[in-house]
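There are 2 protein chains.
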Amino acid sequence: MSDTRRKLLDGTIATLRDRGIAGTSARVIAASAAVNQALIFYHFGSVGDLIDAACREAAADQVQSYRPRFRAAVSLGELLTLGQELHETQRSAGNVTVLAQVLAGARHDPQLAATAKHALTLWITEIESTLDRLMRDSPVAEVADIQGLARAIAAAFIGLELYEGVDPAGARGAFAALQHLSVLTEILDDLPPAGRRALRGRIRRTSPGPAQPK
Amino acid sequence: MSDTRRKLLDGTIATLRDRGIAGTSARVIAASAAVNQALIFYHFGSVGDLIDAACREAAADQVQSYRPRFRAAVSLGELLTLGQELHETQRSAGNVTVLAQVLAGARHDPQLAATAKHALTLWITEIESTLDRLMRDSPVAEVADIQGLARAIAAAFIGLELYEGVDPAGARGAFAALQHLSVLTEILDDLPPAGRRALRGRIRRTSPGPAQPK
DNA sequence: GTCTATAGAGGGATAGAC
DNA sequence: GTCTATCCCTCTATAGAC
Numbered sequence: 001m002s003d004t005r006r007k008l009l010d011g012t013i014a015t016l017r018d019r020g021i022a023g024t025s026a027r028v029i030a031a032s033a034a035v036n037q038a039l040i041f042y043h044f045g046s047v048g049d050l051i052d053a054a055c056r057e058a059a060a061d062q063v064q065s066y067r068p069r070f071r072a073a074v075s076l077g078e079l080l081t082l083g084q085e086l087h088e089t090q091r092s093a094g095n096v097t098v099l100a101q102v103l104a105g106a107r108h109d110p111q112l113a114a115t116a117k118h119a120l121t122l123w124i125t126e127i128e129s130t131l132d133r134l135m136r137d138s139p140v141a142e143v144a145d146i147q148g149l150a151r152a153i154a155a156a157f158i159g160l161e162l163y164e165g166v167d168p169a170g171a172r173g174a175f176a177a178l179q180h181l182s183v184l185t186e187i188l189d190d191l192p193p194a195g196r197r198a199l200r201g202r203i204r205r206t207s208p209g210p211a212q213p214k
Numbered sequence: 001m002s003d004t005r006r007k008l009l010d011g012t013i014a015t016l017r018d019r020g021i022a023g024t025s026a027r028v029i030a031a032s033a034a035v036n037q038a039l040i041f042y043h044f045g046s047v048g049d050l051i052d053a054a055c056r057e058a059a060a061d062q063v064q065s066y067r068p069r070f071r072a073a074v075s076l077g078e079l080l081t082l083g084q085e086l087h088e089t090q091r092s093a094g095n096v097t098v099l100a101q102v103l104a105g106a107r108h109d110p111q112l113a114a115t116a117k118h119a120l121t122l123w124i125t126e127i128e129s130t131l132d133r134l135m136r137d138s139p140v141a142e143v144a145d146i147q148g149l150a151r152a153i154a155a156a157f158i159g160l161e162l163y164e165g166v167d168p169a170g171a172r173g174a175f176a177a178l179q180h181l182s183v184l185t186e187i188l189d190d191l192p193p194a195g196r197r198a199l200r201g202r203i204r205r206t207s208p209g210p211a212q213p214k
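Protein sequences, first through last, are from chains A and B. Residue numbering for the first sequence is 1 to 214, as defined by our numbering. Residue numbering for the second sequence is 1 to 214, as defined by our numbering.
Where hints are given, some of them may not hold.
All copies of an identical chain are treated as equivalent in the list; a pair is satisfied when it fits inside any one copy or across any two copies.
SDA-like mimics (lysine to any residue), calculated; alpha carbons at most 20 Å apart, straight line [to be verified]:
id, residue 1, residue 2
1, K117, A169
2, K7, Y42
3, K117, D137
4, K7, D18
5, K117, R172
6, K117, D167
7, K7, S46
8, K7, N36
9, K117, P168
10, K117, G48
11, K7, F44
12, K7, V35
13, K117, E57
14, K117, R205
15, K7, R56
16, K7, R197
I should point out that these hints are in silico values taken from the structure, not numbers from a laboratory. Please read all numbers here as calculations on a predicted model, not as lab measurements.
Full structure from sequences and hints, please.
Written as structure tokens, this is what we have:
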């Protein structure tokens, strides 16, 4: 790949991270990439196409680089810790923030919507297979709809990323609260067999069961 | 309040909802409000000030109108149902979507950041006092940091609102999954006294305890 | 492939008539 | 309070020199 293309892809991610979707324009991206503005159109055709290319590449790279850590998580608490680390690491690299910005811009731009859905699906798939593995032997699985839960977690994560922008201390508090709560699932998983059977029966009597995936 | 001010405040919310933060300009707002563009500056000074005024008013109105329903919720499941209804009702009225857009724009605009923080705090305060009431007698309160949890819930809600924009079916699935999961907390709350004591002891041995509010 | 220059639209904001 | 007209800026995208 040419040097200019590389610089433009990186500059686009940096611009989305630092200035938000509303502040991302051809001129600003070109300045960030230290490249002539006209080259955006020569190499990518339009600003929208450049954003699309940059986001797809960045999301694929990030998900792949985090895959071993997803695979290594052995509890919901660890998955959450992974999420928190990802959140903090990315404050400089910034791909989750970027995804949040693209998601916000998706409301009035069908192209951004497609980009956002694609990138988000990569993360959701990863979360889903992790949850699948973690919860297979848990009594909690009886009331958990893994597909839906993975989507909820991804969406929540995006929300926390945006919230961080206006209240960093509050966002830290939110993460800490979730971490405390994850202790609950560990307790449930560690129940002795008798306790598990009792819980399972209790769940069956109360819950309508997980939603059927279509 | 003058008719023009009223139309501009409403037109601003409608514009943020329909066109996103990146598509919200003085000209578009004025067209939506059916008012001359120059009147924005006469009445509000700047577009940023208008957005700020509109968002603060809308958030205050919304939170107030939902307050009785927050007070009426008697379980986490009901709080979640309330959230889901709010989500669906607002697809037309649109104030949570608006908040998400302002939050996204906050990244490169300090004024929007202040607006977003103020509006979000109104919702967080409401969620916090509801959680406080709901969880006072629950053994779960031992591992729950209510302040942080309220922030996490509000942020997650914003994320779901944005996710709805690119994958409505996925967002519905996410809500359904959370609803199923809320059954767990009800089970824990309904434990017989002996079971509660056992759970409580188990929590004490595992958890570092809730974070200290500062 | 890279540059300058510019077209043409839309942006915030103001002046001044009414 | 409301309007028109306008200034000056930034935006995307292209034309054309190199």
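Here is what the structure says about each hint:
no. : hint         : in the structure
1   : K117 to A169 : between (29 Å within a copy, 12 Å between copies)
2   : K7 to Y42    : within (14 Å within a copy, 44 Å between copies)
3   : K117 to D137 : neither (31 Å within a copy, 41 Å between copies)
4   : K7 to D18    : within (16 Å within a copy, 34 Å between copies)
5   : K117 to R172 : between (27 Å within a copy, 15 Å between copies)
6   : K117 to D167 : between (26 Å within a copy, 7 Å between copies)
7   : K7 to S46    : within (16 Å within a copy, 36 Å between copies)
8   : K7 to N36    : within (11 Å within a copy, 43 Å between copies)
9   : K117 to P168 : between (26 Å within a copy, 11 Å between copies)
10  : K117 to G48  : within (15 Å within a copy, 30 Å between copies)
11  : K7 to F44    : within (12 Å within a copy, 41 Å between copies)
12  : K7 to V35    : within (8 Å within a copy, 44 Å between copies)
13  : K117 to E57  : within (14 Å within a copy, 32 Å between copies)
14  : K117 to R205 : neither (37 Å within a copy, 42 Å between copies)
15  : K7 to R56    : within (16 Å within a copy, 40 Å between copies)
16  : K7 to R197   : neither (58 Å within a copy, 60 Å between copies)
Hint compliance for this structure: hints 3, 14, 16 are not met, and every other hint is.
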